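Trainee: Start from the sequences, fold in the hints, and give me the full structure.
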Amino acid sequence: MSSYSITEPSVRQKWIAGILVVGYAILTLIPLIWIIATGFKTPSDAIAYPPKVLFSPSLEGYVNLFTSRTRLAPEDLAALGEPTTWYDRIVRGYDMVITGPSRYGERFMNSVVIGFGSTFLSVFLGTIAAYAFSRFKVPLKDDLLFFILSTRMMPPIAVAIPIFLMYRELGLNDTQLGMILLYTAVNLSLSVWLLKGFIDEIPVEYEEAALIDGYTRFQAFYKVVLPQAATGIASTAIFCLIFAWNEYAFAALLTSGTAQTAPPFIPTIIGAGGKDWPAVAAGATLFLVPIMVFTILLRKHLLRGITFGAVRK
Amino acid sequence: MMSDPVVHRVAAATPPRLAHRIRGLSDRTIAWLFVAPTIFLLLAVNIFPLIWTIRLSLTNFRTNRPNNEVEFVGIENYRRILTDEDTWTSLQATAHFLIWTILLQVLIGFALAYLINKKFRGNDLWTTLIVLPMMLSPAVVGNFWTFLYQPQIGLFNYFVQFLTGADPASFSMIGEVRLAPWSIVIVDTWMWTPFVMLICLAGLRSIPASLYEAAECDRASKWRQFWTITIPMALPFLMLAVLFRGIENFKMFDLVVQLTGGGPGSTTLLTSIDLKREAFEKWRTGYASAYAVILFVTVFGLASIYVKALNKVKDR
Chain H
0 MSSYSITEPS
10 VRQKWIAGIL
20 VVGYAILTLI
30 PLIWIIATGF
40 KTPSDAIAYP
50 PKVLFSPSLE
60 GYVNLFTSRT
70 RLAPEDLAAL
80 GEPTTWYDRI
90 VRGYDMVITG
100 PSRYGERFMN
110 SVVIGFGSTF
120 LSVFLGTIAA
130 YAFSRFKVPL
140 KDDLLFFILS
150 TRMMPPIAVA
160 IPIFLMYREL
170 GLNDTQLGMI
180 LLYTAVNLSL
190 SVWLLKGFID
200 EIPVEYEEAA
210 LIDGYTRFQA
220 FYKVVLPQAA
230 TGIASTAIFC
240 LIFAWNEYAF
250 AALLTSGTAQ
260 TAPPFIPTII
270 GAGGKDWPAV
280 AAGATLFLVP
290 IMVFTILLRK
300 HLLRGITFGA
310 VRK
Chain S
0 MMSDPVVHRV
10 AAATPPRLAH
20 RIRGLSDRTI
30 AWLFVAPTIF
40 LLLAVNIFPL
50 IWTIRLSLTN
60 FRTNRPNNEV
70 EFVGIENYRR
80 ILTDEDTWTS
90 LQATAHFLIW
100 TILLQVLIGF
110 ALAYLINKKF
120 RGNDLWTTLI
130 VLPMMLSPAV
140 VGNFWTFLYQ
150 PQIGLFNYFV
160 QFLTGADPAS
170 FSMIGEVRLA
180 PWSIVIVDTW
190 MWTPFVMLIC
200 LAGLRSIPAS
210 LYEAAECDRA
220 SKWRQFWTIT
230 IPMALPFLML
240 AVLFRGIENF
250 KMFDLVVQLT
260 GGGPGSTTLL
270 TSIDLKREAF
280 EKWRTGYASA
290 YAVILFVTVF
300 GLASIYVKAL
310 NKVKDR
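The listed protein sequences derive, respectively, from chains H and S.
Residue 0 is where the first sequence starts when you use numbering that gives the first Met the number 0, and the numbers rise one by one after that.
Residue 0 is where the second sequence starts when you use numbering that gives the first Met the number 0, and the numbers rise one by one after that.
No wet-lab data here; the hints were simulated from the structure.
Every value quoted in this text rests on a predicted model; they were computed, and no experiment measured them.
Think of the CB as a built atom: it goes at the ideal place given N, C-alpha and C, for glycine as much as any other residue.
Here are the simulated BS3-like cross-link-like pairs (lysine-lysine), alpha carbons at most 27 Å apart as the crow flies:
1. S:Lys117 with H:Lys299
2. S:Lys221 with S:Lys117
3. S:Lys313 with H:Lys140
4. H:Lys51 with H:Lys274
5. H:Lys13 with S:Lys221
6. S:Lys313 with S:Lys117
7. H:Lys13 with H:Lys299
8. H:Lys140 with S:Lys311
9. H:Lys222 with H:Lys140
10. H:Lys13 with S:Lys117
11. S:Lys307 with H:Lys140
12. H:Lys136 with H:Lys222
13. S:Lys221 with S:Lys118
14. S:Lys313 with S:Lys221
15. S:Lys118 with H:Lys13
16. H:Lys299 with H:Lys222
17. S:Lys118 with H:Lys299
A short list of chain S residues far from chain H (calculated; beta carbon distances all over 12 Å):
18. Gly73
19. Arg78
20. Leu81
21. Glu84
22. Ile98
23. Thr163
24. Phe170
25. Ser171
26. Trp181
27. Trp222
28. Gly264
29. Lys311
30. Arg315
Here's a subset of chain H near chain S, in silico, CB distances under 7 Å, partners left out:
31. Phe135
32. Thr150
33. Ala157
34. Asn245
35. Phe286
36. Ile295
Mentor: Structure below.
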């Protein structure tokens with residue numbers, strides 16, 4: 000390209016475009032900033048009118064998020080003596096004592112286990128299936144590929160009824176394994192399609208050379224193809240992880256006690272006398288911020304992946 | 000990267016005969032070995048349940064009464080759903096939601112993509128920041144939006160007061176029949192406009208600069224270039240974005256169930272939420288299964304017709 004092109008936007012156009020886009024970005028980020036800010040407010044600051052932009056930060060939301068508490072009569076409180084830790088002190092301010100940890104930690108860990116477990120499985124199965132579809136003559140290939148894609152059109156609730164019954168029979172209801180298998184199946188369609196695109200781009204000649212050098216198919220696959228597809232595999236993994244991390248419908252219907260993930264749990268956090276918004280916001284912050292950081296750090300691969308998955312075909 | 004030692008270790012740890020058999024597998028066997036787990040899992044978790052749903056839809060089965068005798072009722076469930084007023088009410092709510100979200104997201108998304116494509120400095124970072132909402136959990140974010148929508152104390156209501164002077168305590172976005180359908184449109188648009196924007200951006204970037212240069216030589220006005228080059232070239236991408244948003248929003252559940260739960264009344268009772276109530280609150284399993292089949296056939300049918308139209312536009 001020459002340094003000057005007649006189709007290059009003028010400096011003035013760039014400025015106007017920049018200001019409009021930045022304006023939209025700031026507007027659209029306000030709800031997210033508000034979630035993070037509310038997590039550091041006291042309950043009374045959170046519901047103040049007019050909404051408080053400046054406030055003195057407090058960790059009350061986080062303390063309430065991680066503990067369960069109970070109210071005591073003043074004489075019982077006095078009998079307990081002075082609070083020993085900073086979080087005890089916060090809770091005492093409301094005539095309460097901490098009775099134990101809340102469920103949030105467990106729910107968060109369930110999200111981690113189910114998210115990473117299903118991501119690993121769907122990327123593993125997706126990679127080998129995509130390789131087979133890309134390199135070998137599979138009978139009914141196009142039909143199978145379309146079938147794989149069409150499984151994504153089903154509303155989750157529609158599949159949830161028989162899965163609920165099936166899992167009840169198999170004892171998979173409300174288990175981490177059940178959720179891992181389910182999310183793997185949901186993610187597989189995306190994973191196969193994305194990865195087939197990445198593997199299609201790797202020239203077949205590399206493997207052929209390896210085969211001539213005496214490699215077996217397996218060796219050619221994991222010594223030649225896998226390293227070449229590493230970036231594609233990584234960005235597919237991120238998409239699978241984000242889906243499993245954010246999923247709500249199946250989690251709300253199929254888990255209740257032991258295997259419940261964070262998304263159905265966070266909205267149920269309540270405090271004394273109504274919704275404890277700072278605690279809800281604190282829970283949401285811890286759950287959402289990792290994904291935000293991820294998105295910003297890995298933006299090159301992610302943004303390409305979104306359009307790639309949608310635009311190809 | 001997989002390195003030699005790993006291979007040797009795996010080879011050493013495998014009994015010689017088995018190792019020989021694994022190494023010597025034919026391409027055909029490998030192809031099946033590689034595809035089979037995926038097909039099996041999809042059959043087990045997608046197709047088998049679908050067939051089961053169709054079977055259940057012809058019965059009066061209720062999950063909460065497993066001991067009741069299950070009767071075959073034929074297409075009775077389908078007849079009842081299609082003649083039920085409530086089904087049409089929820090389809091109307093879904094149509095309102097679909098039409099407005101797609102319209103707003105296409106307009107705003109395309110405009111943003113057009114502006115970002117002016118390649119001002121730092122545009123990739125700002126693009127990423129705009130994309131953030133769509134990466135987050137719709138249920139968690141939807142739940143927090145009920146806080147922003149609170150009368151008096153909510154940030155959204157305060158914002159409306161700032162713009163229009165309306166009393167922030169005088170209206171409740173999710174509590175009023177008049178406003179609730181718009182409350183879900185606003186949040187969905189906030190969340191998913193970036194998706195349309197990214198696809199449009201891919202479309203705009205795929206237009207070769209030579210087309211504009213040729214138009215410039217022919218002294219075509221910018222306005223004309225926009226309508227005769229930009230729009231036709233970006234149209235397949237726009238249509239694709241509409242397809243994806245259409246399918247996704249027809250299935251919409253998590254965001255709206257957390258925002259309004261289908262209320263007030265049934266003003267925001269989208270079909271997925273209606274279906275969930277029938278299946279998991281009223282436990283009318285057979286009836287709900289028939290409902291699910293109808294929805295699936297609808298999405299599948301509409302999507303197929305739409306894809307045909309899309310391919311026509313692409314081939315032009």
